[in-house]
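> Protein chains in written order, with this note's numbering: chain A, 24 to 188; chain B, -14 to 428.
These are computed hints drawn from the structure, not numbers from a lab.
Note that beta-carbon positions come from the ideal geometry of N, C-alpha and C, so glycine has one too.
If you only want the chain A side, here are some residues facing chain B, beta carbon under 7 angstroms, derived:
(1) Ser64
(2) Gln96
(3) Ile97
(4) Cys100
(5) Ser103
(6) Asp106
(7) Glu108
(8) Leu109
(9) Ile113
(10) Met119
(11) Tyr169
(12) Ile170
(13) Phe177
(14) Ser178
(15) Asn183
(16) Glu184
Result set (BS3-like, lysine-lysine): computed pairs, CA atoms no more than 25 angstroms apart in a straight line:
(17) B:Lys280 with A:Lys107
(18) B:Lys239 with A:Lys71
(19) B:Lys239 with A:Lys107
(20) B:Lys130 with B:Lys239
(21) B:Lys252 with A:Lys107
Cβ pair distances, simulated, as ranges:
(22) A:Glu165 with B:Gly190: 41 to 51 angstroms
(23) A:Asp135 with B:Tyr216: 17 to 27 angstroms
(24) A:Gly122 with B:Asp331: 48 to 58 angstroms
(25) B:Leu351 with A:Asn120: 46 to 56 angstroms
Below are the chains, spelled out letter by letter.
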Amino acid sequence: MQVSKIISSVAIVLFIALSVSCKKKEEPLFILNNVELYPNSAAKTRVKSDEQWVAILHTNLFQSALSSNELFQIGECIASIGDKELVREIIISNFMNDGGVVMPTDEEMRADLPTFITDTYTRFLVRYPSVSEETWYTNYIETNPYITPELVYFSFALSNEYLYY
Amino acid sequence: MKRREFIRKTGLTAGAALVAPYILPSGRLFAQTGSQIAPHVVMVMFAGGVRQQESVLQRYVEDSQNEPYPGNIMYNMLDGEAPTQKIVYGTGAGGINPIPQILNSSLQSQGTLFSEVTALSRGHYGGLNSLLQGSNAITQGLRQKPVNPTIFEFLRRHGGYSATDAWFIGNGINNSVPLLNYSIDPGYGASYGANFFAPNITFDGVCENFLGDARVYHPENELDPIYQMKYFLDNNFDNYASGLGNLGNTEDEKQQIKEFMTLMYDKTGNGTIAHPPISDSEDLRTVGYTCEVLKHFKPAMTVVNLDNVDACHSNFTEYTASLHRADHAVGHLWDYIQNEIPEMADNTIIIATPECGRNLEPNGILDANDWRSFDHSDENALRVFTMMAGPTIPQNLTIGGEGNPIGFTSDSMLTAAEILGVKNNVLNAGTLAPGTLSLFDRL
Chain A
24 MQVSKIISSV AIVLFIALSV SCKKKEEPLF ILNNVELYPN SAAKTRVKSD
74 EQWVAILHTN LFQSALSSNE LFQIGECIAS IGDKELVREI IISNFMNDGG
124 VVMPTDEEMR ADLPTFITDT YTRFLVRYPS VSEETWYTNY IETNPYITPE
174 LVYFSFALSN EYLYY
Chain B
-14 MKRREFIRKT GLTAGAALVA PYILPSGRLF AQTGSQIAPH VVMVMFAGGV
36 RQQESVLQRY VEDSQNEPYP GNIMYNMLDG EAPTQKIVYG TGAGGINPIP
86 QILNSSLQSQ GTLFSEVTAL SRGHYGGLNS LLQGSNAITQ GLRQKPVNPT
136 IFEFLRRHGG YSATDAWFIG NGINNSVPLL NYSIDPGYGA SYGANFFAPN
186 ITFDGVCENF LGDARVYHPE NELDPIYQMK YFLDNNFDNY ASGLGNLGNT
236 EDEKQQIKEF MTLMYDKTGN GTIAHPPISD SEDLRTVGYT CEVLKHFKPA
286 MTVVNLDNVD ACHSNFTEYT ASLHRADHAV GHLWDYIQNE IPEMADNTII
336 IATPECGRNL EPNGILDAND WRSFDHSDEN ALRVFTMMAG PTIPQNLTIG
386 GEGNPIGFTS DSMLTAAEIL GVKNNVLNAG TLAPGTLSLF DRL
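With the sequences and hints as input, model every part of the structure.
Right, dumping it as structure tokens:
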């Protein structure tokens, strides 16, 4: 009797000990969120050539590429005018007059300004806006009824940062 | 130590007090230092390499081809009888019809001819630079902006001239021509540069496709916001945007240039550009557009580059035709200024100088007339001329001659600087080639 008690006690102790000690340890699982990485403006130190600028502009505005022949021709046009800022402005306004520029409507822009501003920064400047930039643009567009997506796109295409990569 | 700091601060304050009143509304730091001789200068870079023998010396094919037919094929610029035989430089089949003279009296009789001037370079690019910089920087390579400040930059920085007061018109975009409107000198540079067109390209049908259908934006409701948003973006990026080469056209000036371009596309389409009576070459059409620039902007300083005579490397016949046309172009330019631009008539000085000459001896290339061709590499390629005419310029005066060279091609730049009131600034910069003088000092 005494022996059986001892045996059962030992068995219980062993069972408890084994059940605790043999518990499978859960492996930690690490998961990475998908985050698109963009350079900040400070990383842009090289000036685009005239041909690079206009090729990227066309792609940004029309979501399609210029042909190599058109690229050569437009490069010569740019070279034939001294004020490069002026000729860039003229090229942008010609593109805007083409009718095929892919951009949201004014209503779509104003319905979701944060998304529009972020999309515009990533589309033209290949980076996210800072908080202050997003705030400035939000305030500027909200307080200015004449601002359209076209004017915003124009300003980005004309900016100095857009000339760099 | 405290006393020294006090003295330093006092000195800085006094200096600032002296300088501040001279920061003028035009943006220039100092007032114009010299008085103007005339309010407008038109400089013709009579370029491409003009052989002295066929120009000032009027030997036509006598000297070059050993055929006994001398004559003057530049009768708008020079006094002298035209050739009577072997005429190939005109219009029509074989070029047998000389282009009629435009000016009633030659520029030589209206002004002063420096008939034997020494070029600073035997090459085009060095030669063009000597006309614009007043020097031929030997460290300067092709496809590189001028090393020393150009006449445009001196005028804009020290004379307070606006961007649309300074124009450089090229007859193409080859041979670094589009780079010549400003230098890389850190004290000058793009913000003092000239506006530039290569109009045969800018206003042709191809560029019209890309530039001629610009959307017109409302100045206050649309353009202003565009610029405001751009300036906001630029302010967040200004660390890297210092070398972009903006010419400093004001927004009003940009608007004027856009209007001019629209006008040019219309006039080109209508065939109403102010071209010379004969306009069958790039040089002639370049001068036609130059007339339009002059009429529209009335610039203080206009430089136009011609260079079709460079055909002489392989085609002497075409060279004579181009030389004849370059003369026709200059005649038309002067005639147009006097008769079609009242604001510039009688108060414009024209200066014409080749950037270099051509060789005494021919190369081995014969053209369709079996005439020999000429490169530009020997001492004869340093022999050129300078012509100037306009108010205060002595009339019917010839200075120097064969065997008696007087002056350098770099003189033309300093002369333009003197006419427009910045001669001392150019002299003080110390960038001129040794021996350079204003042509007024050689009269």
